[in-house]
Amino acid sequence: MTRFRNIVLATCCLALVATGESQAQSKKKKKGKEKSETAQVAIPAPQPEPSEQEKLLSEALFLEGMKYFMLEDYKQALSQFQKAYAVTPGNAALNYKLAETYMLMENPKAGVSFAQAAIASDNQNPYYYLLLAQLYTEQKQYTEAAQAYNDLLRNVPDQEQYLFSLAELYLAQSKYDDALKTYDRIEKKYGALEQLSMNRQQIYLRQKNIGKALAEGEKLIAANPTEIRYLLAQAELYNASKKPDIAIETLNRALRIEPNNPFAHLMLSDLHRQKGDLQESENQVKIAFASTDLDIDTKVRILVDFIRQLPNPAVEGIALELADLTIASHPEEAKAYAVAGDLQTIIGKKESARGNYIKAVKLDDSHFKIWQQIVLLDAELGESGELVQHSEQALELFPNQAVFWFYNGTGHLIEKNFDRAAKSLEHGKRLSASEPELVAQFNAQLGDAYNSIKEYKKSDEAYEAVLSHDPDNEHVLNNYSYFLSLRGEQLPKAKAMAGRLVEKHPANPTYLDTYAWVLYKMDDYEGALKYLEQAIAYSEDATIVEHYGDVLFKLGKRDEAVRQWEKAKLKGEASAFLDRKIKEKKLYE
1 MTRFRNIVLA TCCLALVATG ESQAQSKKKK KGKEKSETAQ VAIPAPQPEP SEQEKLLSEA
61 LFLEGMKYFM LEDYKQALSQ FQKAYAVTPG NAALNYKLAE TYMLMENPKA GVSFAQAAIA
121 SDNQNPYYYL LLAQLYTEQK QYTEAAQAYN DLLRNVPDQE QYLFSLAELY LAQSKYDDAL
181 KTYDRIEKKY GALEQLSMNR QQIYLRQKNI GKALAEGEKL IAANPTEIRY LLAQAELYNA
241 SKKPDIAIET LNRALRIEPN NPFAHLMLSD LHRQKGDLQE SENQVKIAFA STDLDIDTKV
301 RILVDFIRQL PNPAVEGIAL ELADLTIASH PEEAKAYAVA GDLQTIIGKK ESARGNYIKA
361 VKLDDSHFKI WQQIVLLDAE LGESGELVQH SEQALELFPN QAVFWFYNGT GHLIEKNFDR
421 AAKSLEHGKR LSASEPELVA QFNAQLGDAY NSIKEYKKSD EAYEAVLSHD PDNEHVLNNY
481 SYFLSLRGEQ LPKAKAMAGR LVEKHPANPT YLDTYAWVLY KMDDYEGALK YLEQAIAYSE
541 DATIVEHYGD VLFKLGKRDE AVRQWEKAKL KGEASAFLDR KIKEKKLYE
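Under the UniProt record's numbering, the first residue of the sequence shown is numbered 1, with each subsequent residue one higher.
Derived from the structure by calculation, the hints contain no laboratory data. Be aware that a few hints might be false.
Stated by the list, open to error - With a Cα cut of at most 25 angstroms, we get these calculated PhoX-like pairs of lysine-lysine:
1) K275 x K286
2) K242 x K189
3) K189 x K208
4) K495 x K521
5) K242 x K175
6) K583 x K554
7) K458 x K423
8) K493 x K554
9) K362 x K349
10) K454 x K423
11) K349 x K416
12) K586 x K571
13) K275 x K243
14) K335 x K350
15) K586 x K554
16) K530 x K586
17) K349 x K359
18) K557 x K567
19) K416 x K362
20) K219 x K175
Said to hold, decoys possible - Here are the computed distance ranges between Cβ atoms for each label pair:
21) K75 x E52: 28 to 34 angstroms
22) E106 x K350: 39 to 45 angstroms
23) E258 x Q195: 19 to 25 angstroms
24) E106 x A223: 52 to 58 angstroms
25) F577 x N400: 40 to 46 angstroms
We put the beta carbon where it would ideally sit given N, CA and C, even for glycine.
Given these sequences and hints, build the entire structure.
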């Protein structure tokens, strides 16, 4: 056992001496070869020929390392390879495996010297060069990686397939001229290749050499006369080089091969628009949109561009036509209906928009924003029943979204389901605790709901909470003052709130009516009459007309009051006492 250890120690010492000599020689040789573009890696000093026993020991250590390597235990594999290296440092395969192990351990820098040593020991093995190139590439040392490929191509015959990798490295460094030269070498070996022309064209474009890019494009077309994508790409280049007529001619060539190609029609549409021929531009884009070969996402992107131009009467017509064509060609795509809904909403076609949004969620109900648009349009269209229905459907999918609780509560409020309204609004309010603006909106509606079920304390608290956050909230100032007047409570406060609204909006009939009714409750009939006459000048709403009759009755003008009550009845939406007032010609409140 002692003798074996002595052999290992001796060989380690020899390895250290040899390594030192190798490094010294490498430094000397480097100075003399810096000027050479194809400089070789430094050749280490000759190593003493290992004995047969040392070779066997190294081989055993190498095989042990390979076991760990195959198990992907690279740390243990490296340890065994290093022990073997101490015995036979000049072994090319061992140096290669050390370099590969370092690379797999994500330490490419450490692997470089071993890959270089493998090449120095055996410069005919292509895998050694490839590994060295990969190690350099991992470190983004592209110049050195390219040199490794060049050394491979020079030293090892029949390796031209790696010219492609070399070209990629030149491109990574933006060495376009070197890449072009490499393509020439490839073409010399393999003949004209389609990919080479495409790559050359891309390089010319990066160099902003449109002339050469166009020439390369024509070569591609000549070699592949029925390949429509080359004609489309060439048309784009002609357009970019401000040759729209040649671009149009090129696209027409493409359409003779494939008459229904939607991308050719799209490009023609753009070119005709640039030339000011808007009618032909619209014709071409409609042909493209009618095609099922033009994907839905491309159509949506184009429609979104139209949306960005709205409102604009000049594009509304074509935008709506394209939306209809999108639906016709993609009837099972939720996106088609959703984008049509967006267009129609902006243009003001709210009922059509809502219908398309509803179709969209039938195909794909996962989009929160589409549901939000549906309930918003329900509210704007005054469809309270559908507002309740759609908000409940949305809440099944998005139970933690406060906005749907708000619309659900609002729908129930309009439908006079006051208890359900209050419950929905309270739940949504709790979800909105961190958003003061949204809480204020919930409180405004809660004030109305609680007033309707005669929970006046809760109603007043909700209104007060809103006014503490937003003292000028018009909805609350109007409703709170009106409900206080109906209850005959805090009339001076009601007058102050209603008066603020009238002062700010002297032509708003609703606010004028509210202020007049507060004055009426305070027995200021002359003042009430004055403001009701102003209100009627702007609106003949049934409630306003009935209030006007009530004030006239209080002022002793009974016949005129009855005429106003009869007028109010014809308009509908008045109080429950109206028929009795008319019949008995008396005032009931």
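- [ ] Go through the numbered hints given earlier and state which of them the structure violates, listing their numbers in rising order.
- [x] Failing hints, ascending: 2, 3, 5, 11, 19, 22 and 24.
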